[in-house]
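Novice: Chains as they are written, first to last, in our numbering: chain A, 1 to 233; chain B, 234 to 642.
Incorrect hints may have been included.
Distance ranges between label pairs, derived from CB positions [claimed, not checked]:
(1) A:83 - B:466: 52 to 60 Å
(2) B:251 - A:149: 21 to 29 Å
(3) A:120 - B:609: 56 to 64 Å
(4) B:580 - A:120: 54 to 62 Å
(5) B:466 - A:120: 56 to 64 Å
If you're looking for bench data, these hints aren't it; they were derived computationally from the structure.
All of these numbers come straight from a predicted model, not from anything done at the bench.
Glycine included, every Cβ here is placed at the ideal spot set by N, Cα and C.
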Amino acid sequence: MEQNQNTDVIVTESVTKVYDADGIPVNALNGIDLTIQSGEFTAIVGPSGSGKTTFLNIISGLDAPTEGKVWLSGKVLSEMGGNELSDFRRDNIGFIFQAYNLIPVLTVEENVEYIMLLAGVPKSERHDRVVAMLESVGLKDVEDRLPTQLSGGQQQRVAIARAMVSEPTIILADEPTANLDSKTGSDLLEMMSRLNTETGMTFIFSTHDPMVMESAKRLITLRDGQIDTDETK
Amino acid sequence: MFLILIKLAWRNILRNKRRTIIASIAISIGLAALIFGDAFMIGMMENLIKTATDSFIGDAQIHRQGFRDTQEVSMTIQEIDKVGANLAKEANVQYFTRRTFASGMIASSANRSAINLVGVQPSTEKFLSQIDDAITEGVFFEKTNEHDIVIGSKLAEILEVELGDKVVVTVVQAGSGDYFEDWFRVSGIYYFADTAMNSGMAFVRLKKAQQMLAIGNNVHEIAIKFTSTEYGQNKQVPFWETYSQHGNEALSWTEILPQLPKVFAMSEYSKYIMGIVLFGVVIFGIINTLFMSLYERMFEYGVLRAVGTRSFGMARIILFEAGALAIVSIVIGVILGFVLTAVFANVGLDYTGNEMMGVTVQEFIFPVLTIEQFIIYPVAVFVFTIIAGLYPAWHVAKMSPVDAMRRSF
Numbered sequence: 001m002e003q004n005q006n007t008d009v010i011v012t013e014s015v016t017k018v019y020d021a022d023g024i025p026v027n028a029l030n031g032i033d034l035t036i037q038s039g040e041f042t043a044i045v046g047p048s049g050s051g052k053t054t055f056l057n058i059i060s061g062l063d064a065p066t067e068g069k070v071w072l073s074g075k076v077l078s079e080m081g082g083n084e085l086s087d088f089r090r091d092n093i094g095f096i097f098q099a100y101n102l103i104p105v106l107t108v109e110e111n112v113e114y115i116m117l118l119a120g121v122p123k124s125e126r127h128d129r130v131v132a133m134l135e136s137v138g139l140k141d142v143e144d145r146l147p148t149q150l151s152g153g154q155q156q157r158v159a160i161a162r163a164m165v166s167e168p169t170i171i172l173a174d175e176p177t178a179n180l181d182s183k184t185g186s187d188l189l190e191m192m193s194r195l196n197t198e199t200g201m202t203f204i205f206s207t208h209d210p211m212v213m214e215s216a217k218r219l220i221t222l223r224d225g226q227i228d229t230d231e232t233k
Numbered sequence: 234m235f236l237i238l239i240k241l242a243w244r245n246i247l248r249n250k251r252r253t254i255i256a257s258i259a260i261s262i263g264l265a266a267l268i269f270g271d272a273f274m275i276g277m278m279e280n281l282i283k284t285a286t287d288s289f290i291g292d293a294q295i296h297r298q299g300f301r302d303t304q305e306v307s308m309t310i311q312e313i314d315k316v317g318a319n320l321a322k323e324a325n326v327q328y329f330t331r332r333t334f335a336s337g338m339i340a341s342s343a344n345r346s347a348i349n350l351v352g353v354q355p356s357t358e359k360f361l362s363q364i365d366d367a368i369t370e371g372v373f374f375e376k377t378n379e380h381d382i383v384i385g386s387k388l389a390e391i392l393e394v395e396l397g398d399k400v401v402v403t404v405v406q407a408g409s410g411d412y413f414e415d416w417f418r419v420s421g422i423y424y425f426a427d428t429a430m431n432s433g434m435a436f437v438r439l440k441k442a443q444q445m446l447a448i449g450n451n452v453h454e455i456a457i458k459f460t461s462t463e464y465g466q467n468k469q470v471p472f473w474e475t476y477s478q479h480g481n482e483a484l485s486w487t488e489i490l491p492q493l494p495k496v497f498a499m500s501e502y503s504k505y506i507m508g509i510v511l512f513g514v515v516i517f518g519i520i521n522t523l524f525m526s527l528y529e530r531m532f533e534y535g536v537l538r539a540v541g542t543r544s545f546g547m548a549r550i551i552l553f554e555a556g557a558l559a560i561v562s563i564v565i566g567v568i569l570g571f572v573l574t575a576v577f578a579n580v581g582l583d584y585t586g587n588e589m590m591g592v593t594v595q596e597f598i599f600p601v602l603t604i605e606q607f608i609i610y611p612v613a614v615f616v617f618t619i620i621a622g623l624y625p626a627w628h629v630a631k632m633s634p635v636d637a638m639r640r641s642f
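Just chain A, with the same shape it has in the complex:
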């Protein structure tokens, strides 16, 4: 497949995923061909069971396709071994999950710096980057707090800071506003849009939220494991 190494962040070719549900094969994805370019702010939408989360899992290397290939920053994910894939995710992908999913026994600072610890970033640099990142997501003086001492919106901000602190190529966000009230969700979206503009990082959302769909610059609709529509605003 022809790719532009400079601008194509994610390229998928005939990606198919078949699950085995108690002996019955279920086609979650049916031959998806897609290219996402650097700096995009894209939402993948569709009804439940359309394959949004499966698609995110596959393009992030968390799951392997049954058939087809995925290139991420020019590398074929299926050709990587376990540790190589872990390191690749650490360095290239930031994850934001629906339920924040911070580690509850680690403080805000420890949660955010965890990925940098994995990458072997020196301590002094880690601290500075954590503080700067928290500031950029609108959180100050909460480094020593535990996630349970923060509101849902604050926790999701920490999750965003965690996802972005290692300066990955792309941020994958699975229903990031689902558990937030509309005001908090809107604020977060605005913030992510700003960070997208400021940093040039690629943001890909899977969502049901009309607010996210509205903010997205590209809207890909999945239906029955296939791309139904692909609109760029």
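Add chain B to chain A, keeping to what the hints say.
Specialist: Only chain B this time, still in chain A's reference frame:
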């Protein structure tokens, strides 16, 4: 990185305090039981050795070769005067006493019984045996009457005699094989928990026994107490060779009671088996605890994997949790084991009258605390706990992030 994994493990352990406490108590009880079991075993061995050596046998004995098998009255120790003189000069010999042995018959006006008639030197015998301490009625040869006899309470009961009653003892003399009969008055009655000593032995003065057996000033046994018990167990010292000459044999208590060291060695194995069984039970408890905690936090593990933690890093988190659990348990177990053992080391355990390994326990058993118990067993608990953590660690390590996150719902 190492530090954050330790923090993560430690805080995870403290997350569900009740479960951690229950799991820790299970491990701690196992550890405390091992410490106490070991201390008890040492106490019991010391007690049995003391009972075996102090009550009658001594640390060592010298006999004519073959006497112990045949109990022939004529088989007396060769060159007894020279042996006695040499023993008196031995620096490692604290006390020694001479004895004669003869099978015989004791009869009262009411009854009769087979006995082992033992001729003793009262002045030195009291340092080698506990018969004088076991006297419940009368005395242990305080007067100089050659017709005094000291018997066990069970024998007195069989013969239906009391202090001052007359008994007749019949023995076979050396050389001629003639029967010799003499009368005695019961001057002392002792009680020993050991049935054989209590009902089958009678003690008379050495001179009288030698006269009855027609063996001159010869004896069948010299019982020896060394300045240290360890000396009696060391077969490398020249003592044994020196006194195993001219047809005599010098034997340590370990040879006289060979079943005792063997059973001690067996007890060591029993201790290990008990430890393995105990740890086996504990291991499954730990695996269960770790799995429960693992499944509770499956999504978190999925997140950690997703953000780039390698399989080995995931396994390390679980192993550190197992380690943290082990450390908590070891602290509790060591305290529990120490307190339990220290209490019984002071008050003792009453096993008196019970026969163990062929020796009847005469005194309370006092568990013995040693520094090794607080090093070897805690280290073993730590190692076993880590081993127990390997299975859940492997389980987490091989789990894909998607599976982990999916299983959490």
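Novice: With reference to the structure, classify each hint as holding or not holding.
Specialist: To see whether the hints hold, each was checked on the structure:
Taking 52 to 60 Å as the suggested C-beta distance range, the pair residue 83 of chain A and residue 466 of chain B conforms, at roughly 58 Å. In this structure the supplied range 21 to 29 Å holds for residue 251 of chain B paired with residue 149 of chain A, their Cβ-Cβ distance being about 22 Å. About 38 Å separates the C-beta atoms of residue 120 of chain A and residue 609 of chain B, a value inconsistent with the hinted range of 56 to 64 Å. A beta carbon spacing of about 58 Å between residue 580 of chain B and residue 120 of chain A agrees with the range 54 to 62 Å that was offered as a hint.
At roughly 59 Å, the beta-carbon separation of residue 466 of chain B and residue 120 of chain A lies within the given 56 to 64 Å, and the hint holds.
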